[in-house]
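With the hints as constraints, model all of the structure from the sequences given.
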Amino acid sequence: MTRRPPPPPRALHPGAWWLWALGLAPAASRTTNPWLLLLVLAVAGHVVTARRSDAPWARSFVVFLKLGLIVIAIRVVAQTLFGTPAPGSVLVDLPEVGLPAWAAGGTLGGPITDTALAGALVDGLRLATMLACIGAANALANPKRLLATVPAALYEVGVAVVVALSFAPSMVASVQRIRAARRLRGRPDRGLRSIVTVAMPVLEDALERSLALAAAMDSRGYGRRATVPARTRRLTTTLTLLGLGGTLVGLYGLLDGTGPAALGLPTLLLGIVVAAASLRSAGAGVTRTRYRPDPWSGPEWLTTAAGVAAAAGTIVTSLTVPGALDPAPWPLLAVPLPAAATVGILVALLPAWLTPPPLMMTAVRRQPRRQPRRQPDPAVEAPATSVSPSSEVAA
Amino acid sequence: MSDAAIPTDGVAPATSPALRTRSQLRIGPRSLAALLLVSAVGVIAFGWPLLAQPGSGLAHATDAPLLFALLLPLLLAVVLAQLAEGGMDAKTVAMLGVLAAVGAALRPLGTGVAGVEPVFFLLVLAGRAYGPGFGFVLGAVTLFASALLTAGVGPWLPFQMLGAAWVGAGAGLLPELRGRAEVALLAAYAAVAGLAYGLALNLSFWPFVIGNASTIAFVAGDPLVDNLGRFLAFTLVTSLGFDIPRAVLTAILVLLTGRPILRALRRAGRRAAFDTPVSFQAPPGGAPRSP
Chain L
1 MTRRPPPPPR ALHPGAWWLW ALGLAPAASR TTNPWLLLLV LAVAGHVVTA
51 RRSDAPWARS FVVFLKLGLI VIAIRVVAQT LFGTPAPGSV LVDLPEVGLP
101 AWAAGGTLGG PITDTALAGA LVDGLRLATM LACIGAANAL ANPKRLLATV
151 PAALYEVGVA VVVALSFAPS MVASVQRIRA ARRLRGRPDR GLRSIVTVAM
201 PVLEDALERS LALAAAMDSR GYGRRATVPA RTRRLTTTLT LLGLGGTLVG
251 LYGLLDGTGP AALGLPTLLL GIVVAAASLR SAGAGVTRTR YRPDPWSGPE
301 WLTTAAGVAA AAGTIVTSLT VPGALDPAPW PLLAVPLPAA ATVGILVALL
351 PAWLTPPPLM MTAVRRQPRR QPRRQPDPAV EAPATSVSPS SEVAA
Chain Y
1 MSDAAIPTDG VAPATSPALR TRSQLRIGPR SLAALLLVSA VGVIAFGWPL
51 LAQPGSGLAH ATDAPLLFAL LLPLLLAVVL AQLAEGGMDA KTVAMLGVLA
101 AVGAALRPLG TGVAGVEPVF FLLVLAGRAY GPGFGFVLGA VTLFASALLT
151 AGVGPWLPFQ MLGAAWVGAG AGLLPELRGR AEVALLAAYA AVAGLAYGLA
201 LNLSFWPFVI GNASTIAFVA GDPLVDNLGR FLAFTLVTSL GFDIPRAVLT
251 AILVLLTGRP ILRALRRAGR RAAFDTPVSF QAPPGGAPRS P
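First to last, the sequence lines map onto chains L and Y.
Letter 102 of the first sequence, counting from 1, is numbered 102 in this note's numbering, and no numbers are missing.
Letter 256 of the second sequence, counting from 1, is numbered 256 in this note's numbering, and no numbers are missing.
Honestly, the hints are just simulated from the structure, not real lab data.
All C-beta atoms in this analysis are idealised placements derived from N, C-alpha and C, irrespective of residue type, glycine included.
Mixed in with the good hints there might be a few duds.
Computed footprint of chain L on chain Y; a stretch qualifies when at least three of its residues, placed anywhere within it, have a C-beta under 8 Å from a C-beta of chain L [unchecked claim]:
no. : stretch
1   : 38 to 50
2   : 73 to 82
3   : 255 to 265
Below is the structure:
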C-alpha cells in the first residue's frame, strides 16, 4: 500500500473559487447566529491560508478583513448614537438630543442596552463575514484568468480591460520617470501645480502608446468580426431589447406590489433568461480560439459542490429548525448550533485538502534550477531511453 | 500613393465638419434603446429603498441588494456587447484600454469606497472629448480594471461601474461650448457628478450597512419623504464631510488641467482618424510600379 503522490501544483479555475465563495456568502448572509458566522469566518480563513499563492492579489484577504472591522465599527457607533430604544439592561445612558424634523424626527444619544449592542455587533459580524467570503474569492482566484472566461460577446471590451491591466504598471513607471526628470532639473515634483506638469507628459505618453498599440493590433487582425447573417443580428437585437424590457417590467412589478402577480418575479426571471440568451447570440459574431483554456475537472467540481453544500445546509436548517438561524445573540452560550448548517459549512472546508496545491510565483521562477537535481531520481528515470525535458511537463 | 484618402499623421483633415472630434463609439438607435433600458433598471437598483411601495416584493432589506448585485453585471454585459456591436475597432479598444489604465493608476490617489474622484477628472474630460458612448464604456471599463488590479471585486463593483458609466456618458451629453466656458462647465459638472455619484453609492449600501434598529436606518415600505430624510441624515453623518472637499478638489483639477488635456485628447482622436472610412483605390496609371 503506497501513498498516492500529491497532485502537481496548479491554479484552480478562478470560476470555481468564486462559485465556492458565492455558496459560502449566503450561508453567512442568511443568519445572525454568531457561532455559525465565526465558523464561516474560520472556514474561509483556513482555505485561504491553505490554498492561496504568493501573487499580489493573494494579500487582499487581509484588506477585506480590515474592511469588515470598519463595518462592525460603523454599525456599533451608529447603534450607540442613533439607536432606537431597545429592551434589556442599560449599560450607558447618553444625554439625548432631538434631531431636526427633516431627519424624520430622530434622536441622538439615549440609553444603550446590552441586547441592542449585541445585536449591532452580530449584525456587523454578519456583514464582515460576507466581506470575508468575497475577500477569500479575491485572494484565491487569479483575476487575469477570470478575465479569460468572459463571454465571447464581450471580446472587445475584454481586450480593452486586458490592455488596461497590462498598461497600468507602465503608467506608474512613466509617472516615476517624469517626476525623477523634474527633480533632476531642480523643479518641484509635489503639490497641486506639479500634478499639471506631470500629468500632461504622462497622458501624452499614454495616448502615443495607444495609437502605436492600435496600429499593431490592427495589423494583426484584432477587432475583426466574422460576417454575421442579418437574421442572427436581428435576433440578437430583438432578444436584447426584449430581455432588458422584461427585466425592467418585472422590477417595476416587484416595486409596485399592487399589480398582477405575473408582472413581478416571473417577468423578471423571463427577462433575465432572454437577456442571457441575447449575450450568447451576440457571441456568434466572434470566431476565436482560446489560448490555453483553464481546465475544469474534478477539483473544480468538488470546490463548487463544497460551496453549494454550505448554502444548502443553511437552507435545510431554515426549513427544519425555525429560529435557529436568528437566535437572540445574548447571552452567547445560550445560542444553539444547528446541525445541518454546521455540517454544510464544514463541508466547505474540504477544498483546503482536496484541491491541488497552488502554483507559487517564486517556485515558477526557481523551477529551471531545481529540475536537473530531480532528474537522476532512479524511480523516475526511464532505463534505456533518454527522457526529454518536455515529457515531464505532462500529467 | 499620393492620393490616399486617409489624412496624414498629426494633420486634421481640412474638410473636417467641426473642430470637435466626432464620437468614437457611435450610439445607434438599438444601442440607445438598450442604454435607456439598462439605465432605467439602474435607477431602480440604486433607488429602490426610496421607491419601493409598502408591501411590494422588494421591500425586504436583505434580498434586494443581493438581487441587484447579481442582476446588474448581466445587464452591463448585455449593454456593453450591444455597444461593441455598433463598431469598436482596434483604435477604440486601444484608446479605451490605455485611458482606463491611466484612470486605474489615478484611483489609489483617492481613498474610500466612494472616493474615485481622481478617476472622474479623467472620465469627464475623455467623455467630453470622445462622446457619450465612449464615456459610458470607459467608465465601466476603468472601474472594472481598477477592481481587478487591486483585487477589490465585490458586490459594490456593478454599482460603481454603472455610476461611473453614467458620469462619463453625461460629460459627452453636455451642451457644446468652446474655450474657457467649456472648462468652467466641465469643472462644475465634475463637482456635481462627483457628489451625485457619492450620494448614489451611499444609497446603494445604506439599507445594508446600518442596522434597522436606528433612527438613520432604512425602514422598508415607509413613505418616500421619511426615508429620504433619514437617508440625508445618514449621508450627513457619514460621508458628506469627505465628499464636498473632494468634489471641490476635482473641480479645481479640471479648471487647472482641462484645456491642455482636452487638447491632447482631441489631437489624439484626430490622429487616430476614427471617422475616416478606409477605402482602397486602384492607382490611376494601371499596374503599380515596383518600389
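The hints, checked one at a time:
Coverage of the stretch 38 to 50 of chain Y by chain L holds [criterion: at least 3 residues with CB-CB distance below 8 Å; count 5]. By the rule of at least three residues with a Cβ nearer than 8 Å to a Cβ of chain L, the coverage given for the stretch 73 to 82 of chain Y holds, with 8 such residues. Counting residues of the stretch 255 to 265 of chain Y whose C-beta sits closer than 8 Å to any C-beta of chain L gives 6, which meets the bar of three, so the coverage hint holds.
The earlier numbered hints are all upheld by this structure, with none contradicted.
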